[in-house]
Structures are given as structure tokens and as C-alpha cells.
Amino acid sequence: METDKNFEYRFHSKRSASEIFQFLQNVQNWWSGFFGEIISGKSDQIGDEFSFSAGDGVHFSKQILIESNPGKELVWLVTESNLSFLQDTHEWENTKIKFNLKAVDDGTQVTFTHEGLIPKIECYENCSGAWTQYLENLEKSLNS
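Residue numbers for the sequence shown follow the working numbering, beginning at 1305 and rising by one.
Keep in mind the hints are simulated off the structure, nothing from the lab.
Glycine is no exception: its CB is placed at the ideal position from the N, C-alpha and C atoms.
Worth double-checking, as some hints may not be accurate.
Unchecked claim - Mimicking PhoX-like on lysine-lysine, the simulated pairs with C-alpha atoms at most 20 Å apart in a straight line are:
no., residue 1, residue 2
1, 1400, 1424
2, 1346, 1400
3, 1346, 1402
4, 1366, 1402
5, 1376, 1402
6, 1318, 1376
7, 1376, 1400
8, 1406, 1376
9, 1318, 1346
Claimed, not checked - What follows is a list of derived Cβ distance ranges for each label pair:
no., residue 1, residue 2, range
10, 1398, 1430, 15 to 21 Å
11, 1349, 1391, 34 to 40 Å
12, 1388, 1409, 41 to 47 Å
13, 1344, 1409, 37 to 43 Å
Start from the sequences, fold in the hints, and give me the full structure.
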């Protein structure tokens, strides 16, 4: 396994890139449903911030929307994190959570990347597993 490869998850949807983009802007649509998540704040405009808490406070992070290219890309910068199950509770800080959308003949190719979530950091195994759960759920939602 490459120790510096960012966590990535890809899937295809028959929905349009603009429809998926709008769905992703509401973070509660895709980052909830498993661990008692509490999401507060907004994510519509560049500069909007939201906080995410899960597992009765085991995971807390704050994100700011830094890139928004309608129908193509959303990027959030993690500005604060407190992951109490890790030795370095701030491991997510200054990482980026990204969605890239690419229109293809029969729909949209969706690529999620958590830039900075790499195999050599402590959180990788647990966090990549949790991301996979959320993203499999998102894939089902967008393909139902």
C-alpha cells in the first residue's frame, strides 16, 4: 500500500452533475446516518462553515467551503478537529474534503478525495472505513 496516497472513492451515477452538486452542497444529505451525527452551519457559498460531530463527541471537526465550481467541484478545508480516539486529536486539521464531478455520456463520474488522509497516519484505517460507509450510502442514494 502506498503510504502517501490520499483516500479516494469513485462511483458513477445516472444523475446530472448539476443535480449531484446541489445534493452535495447540503452536507446532511451525505455525511449522516451512522453515528448520531450533528451537523450545524451552512455550505452553500464560499466561506460558509459547518461543524460535524459524531459518536457522542468522539469526532468533531469544523470545515469551511473554499472552492465551489457548480456542477464540477466542491472543496472544504478542515480548520479544526478533535478526534478523541487518536493520539494526535488534530490529525484532520488542514486536510481537504473534495468532490469532483465529471459529466460522462450516461451520467456523472463522482470522485471523493480526502486530501491528507493517507495510510501512514493513525486515523487512516478507521476514517477510511467510515468514509466508505458514508460514500456507499451516497452512491445508493444517487442511484435509487
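* Any hints from earlier that this structure breaks? Give me their numbers in increasing order, please. => 9
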